[in-house]
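Q: If you want the building blocks of each chain, they are given just below.
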Amino acid sequence: MKSFTKITGLVAPMDRANVDTDLIIPKQFLKSIARTGFGANAFDELRYLDKGEPGKDNSSRPLNADFPLNHPRYQGATILLTRENFGCGSSREHAPWALDEFGFRCIIAPSFADIFFNNCFKNALLPVVLPAEVVSLLFNDMYACEGYQLTVDLQEQCVIRPDGQSYPFEVDAFRKHCLLHGLDDIGLTLQDAEHIKAYEAKRRVSAPWLFDTAY
Amino acid sequence: MAGLTLYDKLWRSHLVLERDDGSALIYIDRHIVHEVTSPQAFEGLRLAGRKPWRVGSIVATPDHNVPTTSLERASGVEGIADPISKIQVKTLDENCDELGILEFKINDRRQGIVHVVGPETGACLPGMTIVCGDSHTSTNGALGALAFGIGTSEVEHVMATQCLVAKKMKNMLVQVDGELGAGVTPKDVVLAIIGEIGTAGGTGYAIEFGGEVFRSMSMEGRLTVCNMAIEAGARAGMVAVDEITLEYVKNKPFAPGAHWDLAVAEWRELHSDADATFDRVVRLDGGKIQPQVTWGTSPEMVLPVLGAVPNPDAESDPVKKTSIQRALEYMGLQAGQAITEIPVDKVFIGSCTNSRIEDIRSAAEIVKGRHKAASVALAMVVPGSGEVKAQAEAEGLDKIFREAGFEWREPGCSMCLAMNADRLEPGERCASTSNRNFEGRQGYGGRTHLVSPAMAAGAAIAGHFVDVRQFSATH
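Quick mapping for you: the protein sequence lines, in order, are chains A and B. If you want this note's numbering, it's the position in the first sequence, counting the first as 1, plus 2. If you want this note's numbering, it's the position in the second sequence, counting the first as 1, plus 4.
For the record, the hints were derived by calculation from the structure and aren't laboratory data. Only a predicted model underlies this, so the values are computations on that prediction, with no experimental measurement involved. Glycine is no exception: its CB is placed at the ideal position from the N, C-alpha and C atoms. It is possible that part of the hints are untrue.
[Said to hold, decoys possible] Sample of chain B residues at the chain A side, in silico, Cβ under 7 Å:
{"id": "1", "residue": "E76"}
{"id": "2", "residue": "S89"}
{"id": "3", "residue": "L103"}
{"id": "4", "residue": "S139"}
{"id": "5", "residue": "G153"}
{"id": "6", "residue": "T156"}
{"id": "7", "residue": "V323"}
{"id": "8", "residue": "L421"}
{"id": "9", "residue": "M423"}
Bound conformation, chain B alone (with noise of 0.2 Å):
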């Protein structure tokens, strides 16, 4: 019998029962749970008489609609000025008070982006299976975890009964070898895979991400590649784990104590058996990556940041040729135009995706000492949590881009989703380091390039964007 994969042997240690119809249920260990698309599952539980199965295994924190600036945190929920927003955080905290779920609230130095508290908290672990309703739960699997995304009726299912519903998916290795070259990030390498496979290409699978690039990837950007497997169409992302996981997990808050060496034995299993098959293999040589810069409206509409804009015409499918029509006009691109001549109106640094204590270094290396171009109207750092912001801050990080003329924000997820008030206005053009280029995605009208935190400083000094690798040499 051939070997088992990581995602295989997750599966199989949270399988609770496998039904003849070929369903099964799977146990959920941490339900990591944000205000947006928990209240109605609260609601309806309430409204069948129903009792979380095990409400320890929730935590809670609001992060979507949160304003960053520290003027509206400084009076907590009653501060947030949109009333919406403001039922919205309050409802979260009601529904935790009420059901004894431990919450990070809006103030809590512990508050910030949902999949950037899992992991940095150890409330994420090694060989958990964790859900939360936001398809960017991938995250997590970098700590080689089974992490995926549900809707709000999973959410009320998995409060409900520990479990879900599901079926198991198909196995895909995403393996990256070779060596990175310098200035190529974690963000550049899931872009370029991306763009390899699409952003389908993961549809139907749980992707490992494997080969000497990722081993020597510190956790962090793990996270980031993991984070980005949905916009590769995939539900879960995972890493097996290794002495870099068990380095970044040893002391967190929530980390086992007295269950370290049991826990530790456990998940030193956690890799794909040497005679393991996976359904599907993609290889992409790592020392080929290229700084990348997406141009279009959707994550695989992107290039190495020497690469030119595409014409449509060169496209023989007439579906996809429509769509980089329509991509070309909604971003207000030419076919031919060089990225490097694309200027930037404003540059955001943050969400889960980049907004961890080595994406603002990254950033604040290339910032510091220089200061943002005067075309761009607004360069915003927007830290994932209290803790990397105070991280950021004890290392004076703030104070460089301040400096740079940047804003220095407090955590949540801002403008990757816009649901706050940091947005674009319409016909706005941004540098992002979130995860999701969409039509209106960062505010009606707004156009988004998504890049690295390197590559956002980068843009936002010159005002167009660079290749940072020149950049760096230059300073």
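Here chain A stands alone, though its shape is the one from the complex (with noise of 0.2 Å):
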């Protein structure tokens, strides 16, 4: 997996609540037995004005002109502002896919969905929840300045305002560490093989059942 240290980026805006799974990458986009080639329908159902299908040339599909992440401004933005509930309903982790192919490396909201929130770890994209006035006021200074940007800093946990103004953010101690230093997960989970299999042996004689392989 890649690391998450800090990044300092270009701002851009998904100004609304509960923005779902299903908006991030549209279900068509899901038959693809890749983990890659997602960042191109990224919001497709905002995005474009005509609707997408796999393996359709993007590059020639009519933009929606009104779709902030398709104005000028917002070009090579790293970080996205967003709303309430951000990456609700399905868990497909071809949202998180999708964000990261389309350059985001960190998405601040005042809440997110459950899996959405953990998925996003998976593929260090960093989800950060600052309070919802903090948010509001985040997207007010966007909105106001071209060219915004925020410095993300996961060592220290806080999230820096051009004018040094730096807002503390929470993350689980494990999901920090493994972020700052890129771990892969399954192998640190397989260095307490010997605790799993213990568990295991334990199980199958208290509850056997749960080890028939009548089928």
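Build the complex from these two chains, which are given one at a time in their own frames, with help from the hints.
A: In structure tokens form, the structure reads like this:
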């Protein structure tokens, strides 16, 4: 996995609450058996004026000029600023894959849906929770100032405004450790294989039906 | 010390180890796999030279992509017209064959929607930890299990280690007492709960559904309720084990045979202790719940059928106000419009929420002896599994639907998420028994109203939403 330490980047808006993963990457693109190739279809239904299909040449599709992520001023953004309950709905990891490929490294919101939040950490895409009033303030800053950038420092657990003002955020110690060092968590878990085997041996005795292979 | 909640008990019994940093390893008993969220996980295992830790813990079936017309199903996987869908279903078959994973293939009678197949085969049992790369895995919590959806990286993690790195969730009790009125179904109960706590209300919590309403609810009803826990933001929903649970599980193909008594002794402990404490308690009066219809593009945008579409001007919170405006625009509705005046173009009865035999019976009861309105272009019933389909046909329910102008289809996820050919066209409005009314969910530009099977059937007959309680009375 990639690591995440500290970034300074352009901020772009997704100014609505309850952005669901169907909106982030529509279902027709989930037919792919690959882990890549989703970036061009991130927010497909908002970004283009026609209906996207797998295999379609996205470069010749009509863009929705009203969609902020299509505006010149937000090109190259690495930080997505959004509202409550971002990533709700389907568990599709294609959503963080698509956002990552689009170029985002960090998403700032007042709250995230649990499964999406979890999936982000598996892909070095940092979800940052800040109080709703701080998020509103950042939205105002961003709209007022073209080229608005923020710094996100995972080690120090803070988001820093251009004027130096810093806002702290929480992150689980384990997730932070994995992100800072780009660690593969399957490898880490397998270091505890003996614990897993010991648990299994105990359960085989106390709950043998769980290990029945009648089928 | 305070007693334990059902969730606390399930968590404890699956704890492999706790780390100093507050994370924990929990053991997974059952891993359900479908074609959409697994190919990258199998590929990841292969690239790392890893094998599944315990192949016998995995059960697979294709559901999201499978066509539902008998014509397309006749020649199995080769008959899938969409070449990309065909590759994905084939990839699942190949991965399962290669690793020796039990799979109910496309035309196996046991094939169906993962969350219907798990409980009905007994592959999912009380007391288990159950995961699947699908958010509606919460469905299985109805059995008194800890069941939740995971992403593809975690699918790979569970395959490789039989464990997940997790952090304990908080406990929420949703207590619904009283008695449901006639014509009010489990779907209405869960929609009313979501309307009350919101789509993010359960974020960070495992929800236990308790109270008289759930104690007297059938297992299939409980499955419907737990299915939509995720729509309230909670990864896991659950109901305590009781006689209804045991009666349901007994004699399922994969239920414990020789170990039945031992299993039951453990399962009888699967309830919250009388002195257990919850981080949050929400109470609803079951007697006050009315048949529900969603009007917007989030499941929390829901109203009793006799209500009217809200006015954004009445909302003071600017973010919420914009959400309402956007939803009305997308849905093509006017503030103040009566729900019962909204016409529907299509009707979908199916999905992991409402495609079990009781759902189909409940819709058939409304449809019997009637015909769908001429203005309804398509009304379809998609049973949740081959077993459900066979049972319904044995009861003659397929005939009732066909005679009423409905289409009777083969099992799969179908128009719930429209990954196959079953979908809404732009602007089409659907009465749907599924679980999500997001923009584009049932097809690009499609408009979804979530309802119970009886309410969907009523809308198909009338051509617009109706209060199914009055509807039944005039039959």
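Q: Evaluate each hint against the coordinates.
A: Tested hints:
no., hint, result
1, E76, "violated, 16 Å"
2, S89, "holds, 6 Å"
3, L103, "violated, 14 Å"
4, S139, "holds, 4 Å"
5, G153, "holds, 4 Å"
6, T156, "holds, 4 Å"
7, V323, "holds, 5 Å"
8, L421, "holds, 5 Å"
9, M423, "holds, 5 Å"
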